[in-house]
Amino acid sequence: MSQLRKGTLEYCVLALLEEGQRYGFELVRTLSEEDGLMVSEGTIYPLLSRLRRDLLVETSWQESETGPPRRYYHLTDAGRRALADFSDGWIKFRDSVDALLQHKEKGHERER
Amino acid sequence: MNVNADPLVEDYLRHLEAVASGLPEYRREELLAEIRAHLDEALRQVPAGDETAVRSVLDRLGSPEEIVAAAAEPMPAGQFAYVPPTNGLAIASLLFGIFWFGGIGSVAALVLGYRARREIRKSAGGQRGSSLATIGIVLGWIGIALLVIAAVAAFVLLAATATTSGSPTTG
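Protein chains in written order, with the working numbering: chain A, 1 to 112; chain B, 1001 to 1171.
Treat the hints with care, as some may be off.
If you want the footprint, here are the derived chain B segments under chain A, 3+ residues with CB under 8 Å [claimed, not checked]: (1) 1036–1046; (2) 1107–1117; (3) 1129–1140.
If the Cβ cut is set under 8 Å, some of the chain B residues that face chain A in the computed set are [unchecked claim]: (4) E1066; (5) I1067; (6) A1159; (7) A1160; (8) A1162.
One-sided and incomplete, this derived list gives chain B residues near chain A with beta-carbon spacing under 10 Å [claimed, not checked]: (9) P1007; (10) E1010; (11) P1064; (12) A1092; (13) L1095; (14) G1102.
These are computed hints drawn from the structure, not numbers from a lab.
Every residue, glycine too, gets a C-beta built ideally from N, C-alpha and C.
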């Protein structure tokens, strides 16, 4: 399960950025507040760094009203494509897994 | 609230720096800058001295080991590693540090070295060469020390010759 979480987390990041640019803290807080993801906030920063190196996201510094400048992340065209590919695959994958899990549950009910 | 004001946070950052020392320089600098910015942002919403709240911010962040493990994971095969450019001032600082130029090089090495380190820190992983700048700075200080020693030696020598040449007339 933890491997599955880790593998899908980067697409969760891309999905959040599809709605618009966000700065690191904002992005990290939003993800960590999703209970099911169970992610430590600090481990998202290395992931962001990797996405930037893979050219799926870009960063820019922008002034903030409350403190030092913030590093904003935004999606590149390559990131948008990667997200679209993943979304297609994920829906099929999820449906198959759901179908198999539900099949198993029904099996258990019959046994009782 | 300042990140560096809280002993818990200071401990955490020291620990993180120690654990992260095995990462490549530019990845480490970037990670530390991001974590510092995160803490800065998170702690601004926390009343000063509220230890429980500070602990919860650090808990949510995760252990330094966990974070560094995530940063150290190898990249998937077939992808090239992005290597950020080296800061030009850092290289210049090193060269000036090596070529002493009668002390002028040392001053230049120091000025450029400190400026390079500031720029590299500000780039948060976008530039490398912090160790080059540090070597330039060290060489710069050595050069200045040599200059001072040479000046003192020359002065002492001059004073000694002055007294020896002056003694027959006074004595």
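Hints versus structure:
Given a C-beta distance limit of less than 8 Å, the hint that chain A covers the segment 1036–1046 of chain B holds, as 6 residues qualify and 3 suffice. With 0 residues bearing a CB less than 8 Å from a CB of chain A, the segment 1107–1117 of chain B misses the requirement of three and the coverage assertion fails. Counting residues of the segment 1129–1140 of chain B whose C-beta sits closer than 8 Å to any C-beta of chain A gives 0, which falls short of three, so the coverage hint is violated. A least Cβ separation of about 6 Å between B/E1066 and chain A falls short of the 8 Å threshold, and the interface hint therefore holds.
A hinted interface residue such as B/I1067 counts as satisfied when its beta carbon comes closer than 8 Å to some beta carbon of chain A; here the least separation is about 4 Å, so the hint holds. With a cut of 8 Å, the hint placing B/A1159 at the interface with chain A is violated, because the nearest CB-to-CB distance is about 54 Å. Using the Cβ-Cβ criterion of 8 Å, the hint placing B/A1160 at the interface with chain A is not satisfied: the shortest such distance is roughly 57 Å. Interface hint at B/A1162: violated, since its Cβ lies 58 Å from the closest Cβ of chain A, which is beyond the 8 Å cut-off.
At its closest, the beta carbon of B/P1007 sits 19 Å from a beta carbon of chain A; the interface hint therefore is violated under the 10 Å criterion. Given hint, B/E1010 at the interface with chain A, is violated; its Cβ is 16 Å from that chain's nearest Cβ, farther than 10 Å. Annotation: interface hint on B/P1064 holds; nearest CB of chain A at approximately 8 Å, less than 10 Å. Checking B/A1092 against chain A by beta carbon gives a least distance of about 25 Å; that is not within 10 Å, so the hint is violated.
With a least beta-carbon distance of about 30 Å to chain A, the hint placing B/L1095 at the interface is violated under the 10 Å criterion. With a cut of 10 Å, the hint placing B/G1102 at the interface with chain A is violated, because the nearest CB-to-CB distance is about 40 Å.
Figure legend: structure checked against the earlier numbered hints; hints not met, in rising order: 2, 3, 6, 7, 8, 9, 10, 12, 13, 14.
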